[in-house]
Structures are given as structure tokens and as C-alpha cells.
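Respectively, the protein sequence lines represent chains A and B.
Numbering-wise (our numbering), the first sequence opens with residue 1 and increments by one.
Numbering-wise (our numbering), the second sequence opens with residue 1 and increments by one.
Treat the hints as calculated values from the structure; they're not laboratory data.
Backbone N, C-alpha and C define an ideal beta-carbon position, used for all residues, glycine too.
One or more hints might be untrue.
[Unchecked claim] Simulated pairs of lysine to aspartate or glutamate, DMTMM-like, Cα-Cα distance not exceeding 25 Å:
hint : chain 1 : residue 1 : chain 2 : residue 2
1    : A       : K469      : B       : E329
2    : B       : K469      : A       : D271
3    : A       : K469      : B       : E464
[As the list claims (entries may be wrong)] Label pairs and their computed distance ranges (CB to CB):
hint : chain 1 : residue 1 : chain 2 : residue 2 : range
4    : B       : R421      : A       : R421      : 41 to 49 Å
5    : A       : D434      : B       : D271      : 55 to 63 Å
6    : A       : N377      : B       : R421      : 31 to 39 Å
7    : B       : R421      : A       : E273      : 18 to 26 Å
[What the hints assert, rightly or not] Below, a sample of chain A positions facing chain B; criterion: calculated Cβ distance under 7 Å:
hint : residue
8    : G70
9    : I80
10   : L114
11   : R428
12   : I472
13   : A473
14   : R483
15   : E487
Number of protein chains: 2
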Amino acid sequence: MAEIRNVLFIMVDQMRADCLSIDGHPVVQTPNLDRLAKRGVRFSRAYVQTAVCGPSRACFYTGRYTHAHGTYWNEIPLAIDEQTLGQVVRNAGVRAALCGKTHMTADEATLERLQVVEPVRERLRHAGFEPWEVNDFWGEGWMQHLHSRGYDLPFENPMLAAFQVTAPDGARRNGWRFENCRLPTVYDQADSDTAFMTDRAMAFIDDAGDAPWLLHLSYLKPHWPNVAPVPYNTLYDPADVPAPNRAEHERTNPHPILQPFREERRGLALDDEQTWRNMRATYYGLITEIDTHIGRLMAHLEARGRLDDTLIIFVSDHGEYMGDHWLFEKELFYEEAIRVPLIIVDPDPRADGTRGSVQDVWVESIDLMPTCLEALNISIPPAVQGRSLLGIVRGAQPDSWRDAVFGDWDFRFYRTSAILRLPVNRCRAWMIRDEAYKYVHFNGLPDMLFDLRQDPSELCNLAEDPSRKEVIAAYRERLLAWRQATEDDRLGKWLEAQMGRAGVYWVPDDIF
Amino acid sequence: MAEIRNVLFIMVDQMRADCLSIDGHPVVQTPNLDRLAKRGVRFSRAYVQTAVCGPSRACFYTGRYTHAHGTYWNEIPLAIDEQTLGQVVRNAGVRAALCGKTHMTADEATLERLQVVEPVRERLRHAGFEPWEVNDFWGEGWMQHLHSRGYDLPFENPMLAAFQVTAPDGARRNGWRFENCRLPTVYDQADSDTAFMTDRAMAFIDDAGDAPWLLHLSYLKPHWPNVAPVPYNTLYDPADVPAPNRAEHERTNPHPILQPFREERRGLALDDEQTWRNMRATYYGLITEIDTHIGRLMAHLEARGRLDDTLIIFVSDHGEYMGDHWLFEKELFYEEAIRVPLIIVDPDPRADGTRGSVQDVWVESIDLMPTCLEALNISIPPAVQGRSLLGIVRGAQPDSWRDAVFGDWDFRFYRTSAILRLPVNRCRAWMIRDEAYKYVHFNGLPDMLFDLRQDPSELCNLAEDPSRKEVIAAYRERLLAWRQATEDDRLGKWLEAQMGRAGVYWVPDDIF
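Build out the structure end to end from the sequences listed, making use of the hints.
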């Protein structure tokens, strides 16, 4: 086997951790992902720092916590001094291309103010990746492809065009609406976004030839709208899907944020059994569609001899409730939203001992960026807060690994914040999750505490239980310690790297 | 009286809040500052966010907390997307000049990476001010001035040249050494840094003419080295100075950080009575020297007719222990270090009702930047976390003003951190101070708690007292809330300003 020269960093959008057939899911079939898992390592405790696309991706791409990079919600531009995976790899002279979605924007206002010139600006967009094929839900390339294939779609409104479906009578329907989720897309499976992005990824691999590369293949699916092409739209029978993980008391006596939030984010619709059955079945279909194309991609890599020198990562940017806890989509901190599937396949012989294993170390999304860099032998910027997983993949026992994962969520941009009469600066929640508990600290709302040994499904919030007072105090202290340890220290870490730890005070001893 | 057109923002370095004769200090005389206080408002509870020059100034200049702007220690460059007072005023078309020190550096590494061109870069240095006369301890201008005046000083080493003193036998001595603090500087009082910077400030005022301006006059003194020209070096008798605020048990049974920190930062020297007497007396002399030149400056403003249209601010970047709590200089969170003198003189008739008053609202250093901007009628950037004091100066009762002040200190760059065997990311402390208590939360060291009603001198740390457990729990929760409310949200606040609060989720309702 050759040394690792390339990294294929595959991200899917909104795929739950439990949706792998190798993990025992009762319905969804993922034979190709299962095969990857057998060739590599599956991490059973991989968590994102926040269950919203933009900020979660910013964590993946910078290797830094949400509060450190400051992109704590969608559409908040990434600070221009943040160093992203794409930038760092490209600055090291290795091609780092994007095929799909990043949900990232650059801080154009500051770039304008600092008169940064266009070729430099371009490198700050798309999280620093070379924009090989951008598809942030309705990329131009995919739209042109659909157009060139002759589909009659409302291209003037890509938001509709991408998700139109066909009723049995041939009429077009809006795929955003839940009641249409079983109808097939207008385009065939060979022209879906998943198919198209896979084609483009294979084209990139061919284009790159023998020079090293990192490819970020970032699929849009299985993110809502839940519409799939034939045959995936009806691959699974709604009658077979597992029932939501939810208890009646979560709805009748909820934490104050749950009712307004689920109302605002369309959770009420999934109270209805037929709706969650249909939505889940299509969701699983979309996952199997991705799986199929990953099989195609692996065959392509193999045909090009690239399986032997390419590190493969498969991960999701966050999960999906699909009716669990009476919620839809993501956000908050339940396991369904923050735990993600993560598979790493390392062709290096040093990883032979872990192939097919499941590792239960606590992984955070900030670990992926340093993992990619280590695999490519590129030095990790000092401000990175995550740790490379490569050693674990290669069988090393890391010393002093973390014993908990942390989360951060801001809901100021939701109507929920106004309904709860919270000032904008109190719309933030922090989470710690370890072996024993999950604790969520709000700022002006009651806390959440789940005893995960007694209640792994997180149905009973114990935050108001007086007997847990000491537990809560201990977790609050850990949250304080976490923040104190992970300030936004981009430039502080830079200074530390420059000057070492001690004795840099401006008055040298020898002045005396 | 005319409208305010100008702001004279005077900062001194390391002056304690209690060193004003109008405040009843038993020794130091400050007739000109007292006069300012009578013409304006004195704030008795003005606090800096951190008692170290660089980070404290970054708070003053950005209007944002230490953890928000990220410059948490000296020499850590300010992030290039931070908007400073100097930049914002200049961007509004008003001259904003620096005369003195800022202790700020720009993030040149990122500027290089982004290929920002020189005229733009220049505006990020010196906290965005026009560098009228820079003197970050040994500015070129002042050195040239001393040279041109014929002083024989070791100009090749400005760090020594600036602080040489003359022994009675005519020999030169090193003013950095405490035992030389009573000896006069080589240069006369008319050529001291304080005199020179005042001259240059007056020259700026003349240069600016009738166009509006903001001048940041930022004196180096009374920062150590404690050396003063004749007559200020012996103006006060060491026999008269007040004894340090300290208790024997603070030294014999100290909080773990105190002993290594006071050893590292030369606090042991001030255990000796003659040393603290001499050092204090010279320190007071330096304050009176500044006071004298402020009198000169006021006369100049008056002669130019500028007293009527200029808002004057007098403040210090932090305090000085001078042996209090067995410490020297600053840092940590005792009142001597974090409370600062603050006087604001507003010539507007709306401020007539408050002239000569002492206001006890809780002021933080982040309030000064918005105060300057409001006075100049320039809009305050959304990321600013402080609040303008102008309304209070004009007699308004602000609604929902803060009821506590907060602090942040990082000691990773000290040998103390290694002596305490703390990993670098545990070298951070946060403080909250309100009417009742001061609470300092460390990360891996015991806390500090002072009951300020019982113990206003902060001599008895009650953090280990079991009866205060509930108090500590409450303050920890407030620290959590503070951080949750003041994340680094430069770009989040920008988005909020752009889009308003609610309903910006990317899927519009009408897509359904």
C-alpha cells in the first residue's frame, strides 16, 4: 500500500447516526456504507457542536468550537481570519476542492472595508475550497444539468425546481409539502442532485490525476425536503418504519422551549402518524440513494487505483428528529440531532488492526479538520481546538482523551425567542454530554438534565428534581471550565506558538 | 455653548481610582483633575474588564469584552475585523488621532495572507488612530526630541534611555530598579514624556483647526518604572504615604496563585517598608506631574475656544497595587487593579445638572467607545457591547442599567502557570463584582469570594466557607449567563442588524 496522498471527505446533510444497516437499523439498507465501516473504523460517539447546518459546518471546517469561530447560526459569515480546512490544504500546495454544499459565506463587508482583492476573496468563499461544483441546495451546475437534460421545471425559481414532484395524474406538486413526500421527483435517479454530485466528484478525481488532493463531497440529502426519485421514493414501506422516540408527557408538560419551537419549525405536522410514517420512509429512501452512489464512487476510486492512497471520511453535519421528541429536523441537543454517523477508512497498513471496529471514544466535529490535515501531513494551525483521530484509527491509545462532548445553540433568530419574551442575548444554550448525563444550560429558561443510564431515550427532564441539585452544580462548573479553556483564542494561540509559554512579559529580566 | 464637535479622550496608564485629591486622598494633589471633576461628572464605580494594558485597551477601543475581541493579553494582535474607535471615527470622516500609547498591534500575519495593501493596513495599526505622535513607551518622536535637546542618553537602547536617573554624585542609574525610584530623571520636567506628549497634543489641536476631531491623548505614566523629573521625584515625602492595604494572613495563607504571581511580578520587593514608601511617593509625584500638564492642556483648549465644543474624558487603563495585597503593578481582580478614575466633562448645557456630581452607576471600560461615538453623533457598530454614558452625564436615568461588572484574566504567559502545573487552557479567571460580592472563578484553582459589605478591603477570601456555597452557586450561574449573553458575535450582531430578529430561516413560509 502507498502512503496516503488524498482525502475524500464525504459529508451528508441531516443524516441520523442510527441510520446504518450495520448498526442494526430495522429498515434502512446501507450496504456500501456498511462495507466502508468494515474496511475502516466506525465511531459510535461522534457529536456535532451544534445541530444547525452553517455553524456545524463552520466547526468541521475550522476545527474550532462555535463560540470560537463566531458563526453561531446560518448566514452568519465566517470571520475572515479563520483558517479553514480548504484554505490550509491549498496553502500547503495541495488541491482542495468542493463538490456540493458548505452553507458558508465570507464576511464580504469586512473584505470590502479592507479592500481585499478578488483572487484572495475568492479563496475565502466556499469555506476556502476550490469551487469545483458548488451546490448549496440549488447550484447552477445541477440546474443547468437538469435543463440540458430537457426537464420542464420552473428554473426561474430553483427553490421550487429542485423539489417538484409528480402526482399519479401527472400534475406537478410542491415537494416542500409533507403530504407530497411519497411522490417521485420530476427528474430520474440518474439526474438527482446526489447522482449529479457523484458524477462531478468522479470527474474531479479524474481531473486531479496523480497529484494529491482533498475532495469535500458534500451531499444535500437526506435534508428536507424529503423528495426522492424513483425508486427511492417508495423503496421503504411507511408501515415498516420505527415509531418516533417520544413520550406523551413531553408534549403535555414540556420544557418551555419545546412547544413554540416545534410549532415554528413544523414539528406539529409529525404528530400525525401517517405523516411521520411517510416522511421517515422517504428519508430512508434518500439515505439508500446516497449509499448507492457511494458504492458507485468507491468503484470509481478502485478503478483508478485510488483506494490505496486515499483516506475516506463519511460523516453528517447533524441529525434529524423526524418526529422524535415531537420535533422535526434538528437543533436543540437530543441525541437524534447531535449524534452523527462517522466512518473513517484509512488504507495505511498501520490501520489494519482496527478495521471493522467500532470505537466509542468521544468525538467532536472539530476533530475532523485536524484528522484530514494529519493524513495529508500538513501542520495543524495552532488555533485548532479539535484533535486528529488518525492515531485512534491506527490503533493508538490516546492519552487524556476528552470524557465529554460539548454543544452550543443560539435561537435568537427564531420567533420562538420573541414568544418566550427572551432578549436576544439570552437565546443561547450550552450542552455537556458525558457517559452519565446530558445537561443543557439555558439563559433565562429552565435547564434540561437527562440521566442517560436510566433514560437513554431522553424522555424525562430531571432538571427540576431537587435530588439532582449537586449534579447540576457540577455540570455548570464543567461548562464554565469548558468555556474558560476554549476562549476565542485564534491570535492568542498564535502568540503561544510564536513565543512559548512563559516569560514573554515585555520587561526582560536582564533590564535590571 | 456650541454643540460637541470634538472629543479629547485622555488615558493614563496604571493610575489607581483613589489617587485624586477631590476623592480625599491623603497625599496626592490633583488640582487640575479636581477642577475637571467639578466641571463634569466623576464615576465612582468605573471598572476595566481586565487589568493588563493591551487587553484592557482593546476593550476601550472596541467597546467589547476581552473574550469577544480575543486580545486577552499583551502582544496578542487585534483581529482585523474588529472595529476600533479610531477606525469608526475616521470612517465617519472625522479626524481621530493618537498622541501616545495604545499597546495594540494589528494581525500582520493575516493581513499578509489576505494581501491587504499598505494604506489599508496602516489604518489597522495603533488601534485605528491616525498616528500623530506614537509613544508606546519609547516612541521615536520623544527619543528624537530628547536627542535634539542634547541629553546624553543611551539612545541605542530606548528601554534604558527613557528611564535613566541621576545619582547625587552625578552617576547614571537604572530607573527600572526600585532602589533608584527617588532619583530624578536625566531630562528636565519640560522634556519628560508627559510634557512632550502634552506639547504634541496641543500641536494637534492647533493643526486640526476648526474641523472636528477626536484626540486620544494616552500618557505612559504613572506606569512603572517609577522615575520622575525634578521636582516630581521628591514632591511627596515617603514618610507621609498611606500604608498598603494588606493583611498578614494574605501572605502566610494565600490563595495558591498569589505567592508565585507576586514572586514573578516583583511583589516581594514591596514587602519592605522603605521600598513601598519610596515607590508610592514617586508614583504620586508622577500623577501630579500628569495633573500639571492637564492643567496646561486645559488652558490651551480654553485659549483656542475649544472648551465649549469638546467632550473631555479622563480615565486610566487599569490601577496599580504598590504593595496592596502584597502585590506590585496590576492584574488579578482586586479593586486597586480594576477600579479606575473616570471623569467626563460635557460642555453641552444638557449636562449642567450633573456638573460636579459623583455617579455610582456600574461603568465598564467598554462604555467609553460608544460614549465617544454618541458625542460625535456617529452611529455605534452593532457588535459594540458597552453602552454610552452620555445620557447619564446629561442627567437621564438609564433604564435597566447593569448591576454588576465583569472581568477576565489570562495568566498562561506567566511562569506562574507552570509553577502551578496548570495546562495553558486552564490559566483563565473570570470575575463578577456587584454591590454585595466579588467572585472570581478560576479553572483548576480555588475560587475567590469577598463579601464587600463586611470586607471592602478584600482581605478575607470566603470561597472555602461552606456557608457561602449558595452565594457561589448563584454567582457561577451569573458568570454563565454573562458569557452566554456576550459571545463573540461580531458577525452575528451584523446579521441581526441586517435581518432583524425573527423569521430569517432560509425556507420562507410562502414556499409551502
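The hint names L114 of chain A as touching chain B; please verify it with the least Cβ-Cβ distance against 7 Å. Holds, because the Cβ-Cβ distance from L114 of chain A to chain B comes to roughly 5 Å (cut-off 7 Å).
May I ask you to test the interface hint for I80 of chain A with respect to chain B, counting a Cβ-Cβ separation under 7 Å as satisfied? holds (6 Å)
Satisfaction of the G70 of chain A interface hint, Cβ to chain B closer than 7 Å: With a closest approach of 5 Å, the G70 of chain A hint holds.
For a C-alpha distance cap of 25 Å, please report whether K469 of chain A and E329 of chain B respect it. Cα-Cα ~41 Å, so violated.
Identify whether the interface hint at A473 of chain A stands, where standing means a beta carbon of chain B within less than 7 Å of its own. holds (6 Å)
31 to 39 Å was suggested as the range; check whether the CB atoms of N377 of chain A and R421 of chain B agree with it. holds (33 Å)
Verify the interface restraint on E487 of chain A: the C-beta must sit less than 7 Å from at least one C-beta of chain B. holds (5 Å)
Under 7 Å is the threshold here; is the Cβ of I472 of chain A close enough to any Cβ of chain B for the hint to stand? violated (9 Å)
Do R421 of chain B and R421 of chain A keep their Cβ atoms within the hinted range of 41 to 49 Å? At 46 Å between Cβs, range holds.
Hinted pair K469 of chain A and E464 of chain B, Cα distance within 25 Å: holds (19 Å)
Within 55 to 63 Å or not, the Cβ separation of D434 of chain A and D271 of chain B? violated (46 Å)
Is the hint on R428 of chain A kept, meaning its closest Cβ partner in chain B is under 7 Å away? holds (4 Å)
In terms of the numbered hints stated before, the structure departs from hints 1, 2, 5, 7 and 12, listed from lowest to highest.
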